[in-house]
Amino acid sequence: MSVHYIKTGYERARSRPRLAAIMYAANLAMGLLLSIPILIAFSQATELSGYSDQMAEGFDLALWADLFESSGPLLPTLVAQLMWVLPILFVWKMGSSAGLIHAQSEGGSRSFWKGFGQHTGKATVLGMLYMIPTLVWIILVVLVATVLSTVLTGEVGSFWVQFVFSPLALFLGIAFIDMMHDFGRIELVLGKKGIMDSWFSGMKWPLHSGNANSIYLGWMMFGLLFLVLPFMLDLSLGGLFLAFIVQQILLLGRSFITVGWISSEVVFFQEMFPELADDTDDKSVSDAELGQGI
Amino acid sequence: MDVVLDPETRSIKGTERLTWTNPDSAPVDELQFHMYLNAFKDNNSTFMKESGGAHRGNTAKDENPWGGIQISSMRIADDVGDLRPELLTSRGADLTQSMTFIQPDDGNVDDQTVFSVQLPQSVAPGETITLDITFESRLPEIVARTGWAISESGNPFIFAGQWFPKIAVLEIPGQRYVPADASKGVWNAHQFHANSEFYADFGTFDVTIRVPESFVVGASGIQVEESISDGFKTVRYKADDVHDFAWTASPDFLEFTQQWRHVSIKALIQPAHTGQAQRHIDAAIVALERYDEWIGEYPYTTLTVVDGIGGSNGMEYPTLITAGTTYGLPTWMRVLELVTIHEFGHQYFYGLMASNEFEEAWLDEGMNSYIETKILDDAYGPGSVMELGPIKIGDIQAQRLGYVKNDPSKGALFTRSWEYRMGDYSKASYSKPATVMNTLERYWGWDMQQRFLKAYYAKWRFKHPTTRDIQNVAEEISGEDLEWFFSQFVYGVAVVDYSVQSIRSTKKDDGSYSSTIRVRREQDGGFPLTLRLTYSDGTTKDLEWDGTESWRDFKLQGGSAVIEAFLDPEFKMLLDINRLNNRLVANDYADNRFARKAQLRAISLYQKLFFVFSGLF
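First to last, the protein sequences are chains U and G. Be aware that the first sequence starts at 0, since it is given in numbering that gives the first Met the number 0, and climbs by one per residue. Be aware that the second sequence starts at 0, since it is given in numbering that gives the first Met the number 0, and climbs by one per residue.
Just to be clear, a hint being listed does not mean it is correct.
Covered by chain U, according to a simulated footprint, are these stretches of chain G (three or more residues, beta-carbon under 8 Å) [unchecked claim]:
# : segment
1 : 394 to 401
2 : 578 to 592
3 : 601 to 612
Here are a few chain G residues that face chain U, going by a calculated C-beta distance under 7 Å [claimed, not checked]:
# : residue
4 : E151
5 : G327
6 : I390
7 : K596
8 : A597
9 : F616
Calculated directly from the structure, the hints in this document are not laboratory data. This one's a predicted model, so the numbers in the text were calculated from it and none came from an experiment. Every residue gets a Cβ at the ideal spot worked out from N, C-alpha and C, and that includes glycine.
Using the sequences plus the hints, can you model the full thing?
Set out below in structure tokens:
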């Protein structure tokens, strides 16, 4: 059954390609903005150095060390940027997810931006609430790992606890919390529930339906693939421009997956709870907007 | 020596018969000994005060981590002949009462790592004296190189290094820095310091060790006997022409062996690391092959590589080294190979050359680190210490960065180990000398360097060479006065940094160009170097500069404009602390390709990280 929902999500995403484009463009714009200090610092340090060509072609530890030394406060600047970027990214993620839920409900006929406008505030509060189970899970994993370390002692035991169990437990746990969050957000946007109700309802979803888990895990596999591949390109293709282009295609694909992923969850939710179908009047997407896939 | 290990009390009890011949032309009435386990006797030793009880990140955890040596008796042997009548009357004399702890380095009266014993009669030049010593060594919990630890399986691990009363070196007139016209030799014995390794004289060791039957033993030298009775294993080792003797024992060791030419290689590996046993052996062979070819033959027939625990790892003893590893160490991270190659290298620069590591650590650690960089590059390729996709980090680069980006104006190579400022010891004993020697090699070429190394080894093995001696060999072999090099980079702390300041080309009425290139010496260090100019027509021209002036203008006339000036284009001068400013292109030829590519990579990285971040919520 979950395959059906994944297919439907895929079809919905394909029918409104500009939703993926928005996700991709926002992501790209943010990356572009953050990379400007790098361009400026590296330009100043290398454009007249004669090493630009050589450094573009491969990694030279000596030159990189000199570069960072001459670039002065670049690294602190890059770190400091995260102070304002991460909150913005968080709000964008909450708002855009709510927008996608709204857009893909009712047969995928509604406005993304309207959903974004209507639900970003509440979705952000909900997102902050979901930090609680995430934090609890992290603490739990640390505690379990500590206990495990007393049983799986020694070097081999530490290896398995630190490098296998802990990352895997963190990853899977956070993935499940993310899934709870997805459905909690859907309940908030489509189910007309309050923030606290949505929070609690969302947390029931892993037990609520096997299909919900399958849909999430299915899309997660695709999502991982489209994230791992660009990372691998970093390692295998070095500094080639071609790598960047291929990475961008893959990251566009990853954005498409985000849209399809949420669409599948929305379709599944609405089939589970047809009575909660939102009849507010905003089949509101204009013809022009629909035509543009937004 | 004849000793028994008691794993319960973590002690080694036994007897030592020391046969010592006076090498001096003057009588000797005092002997000096190292008692280095006393460094771990309490918090008041010089080692503990200097180190704060930590070494390479290792600290003691046991309630009673302390160790030490106690001598219960020291007598002139009464069953050995060839003594003069004066000494014969002293046969059997108990010297214990005339033992006095001395503190030649820092006057710390609580330090008991060196003692002097007054003889009842002096030992004449060339005469031999034999002492019988009964001692008990209580091993400390391993913090720095030696002691006991409990393995993961709960079994004892013993590493006995610096574990017995060891006679110091009597330096005779003309040896090392003792003036040739001095009336007599002087004892060179230093206290155990946080920042130093060791110095001792060559001799022959014959050691019988008794351990519980289940223990696997590894030791310096050649095993000549083994017997088992009453639940105990007795092994006997002989080691000729070495200046120390160390051994290890644990029931956990798994033994792997392989023969390389005349050398029997034995690896004693912890059970969790069996998958990496061959990496240890292969790295040892890689080092043996290259030392044999580049420096000289390894004169011993055994080599034992010990995969120790914690602070015992990364240490060298004659024909026995500790390397260690961690479970799951990936093959692209060649730390295991690096450490094994480094510790093997000490068989030459420590073992055979036996320089004074207290006073001139760079001659051992630094020369060894230099050869280590060569071997890693040669055996595994440049950039082979860590190879992760496009990121390759080589040992030469890593050693260079350890110097050039780490306060390069501090810490001369020629400095007594315990007098370094905090953090300067490792830079000045490892990274900087490796970079200095790599620079010297690039200055005069590998052929000359190899001749120099071979000559140094041939002339000075078994003789405790000094900095002055290595400089003399370098000058003899090359026929060049290298005072300018040694005074700056070995005895001094000169810092090298050259830069190209500006390129100015103007077109003259006749269509030719007049170019002026200004180069600068940014720091106090000087080095002859090449300035390579590239013209707009694609041709290049090399000019030589002795690098002594603080700045210089090179003025040239020609049919084309100079578009690039490049100091040291072949990167011979690894000591230059900033390579980025060695090169300059004319403004019209500014190239932003790297910055743009870096930006693209950063964008892509951010994008990926944003997706990862989004997945968290």
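Legend entry - Status of the hint placing A597 of chain G at chain U (closest C-beta pair under 7 Å): 5 Å, holds
Legend entry - E151 of chain G as chain U interface residue, shortest Cβ-Cβ below 7 Å: Holds: closest Cβ of chain U sits about 3 Å from E151 of chain G, inside 7 Å.
Legend entry - Status of the K596 of chain G interface restraint (C-beta, 7 Å, chain U): Where the cut-off is 7 Å and the nearest Cβ of chain U is about 5 Å from K596 of chain G, the hint holds.
Legend entry - Agreement of hint I390 of chain G with chain U interface, Cβ distance less than 7 Å: 5 Å, holds
Legend entry - Within 8 Å of chain U (C-beta), three or more residues of the segment 394 to 401 of chain G: holds (count 4)
Inset, instruction - Classify the hint on G327 of chain G as holds or violated, based on whether any CB of chain U lies nearer than 7 Å to its CB. - result: 5 Å, holds
Inset, instruction - Hold the hint about F616 of chain G up to the distance rule: shortest CB distance to chain U must be less than 7 Å. - result: 5 Å, holds
Legend entry - Proximity test - 8 Å, beta-carbon atoms, the segment 601 to 612 of chain G to chain U, at least three hits: Since three or more residues must qualify, the claim that chain U covers the segment 601 to 612 of chain G holds, with 11 doing so at under 8 Å.
Legend entry - Three-residue Cβ test at 8 Å for the coverage of the segment 578 to 592 of chain G by chain U: holds (count 11)
Taken one by one, the earlier hints all hold for this structure without exception.
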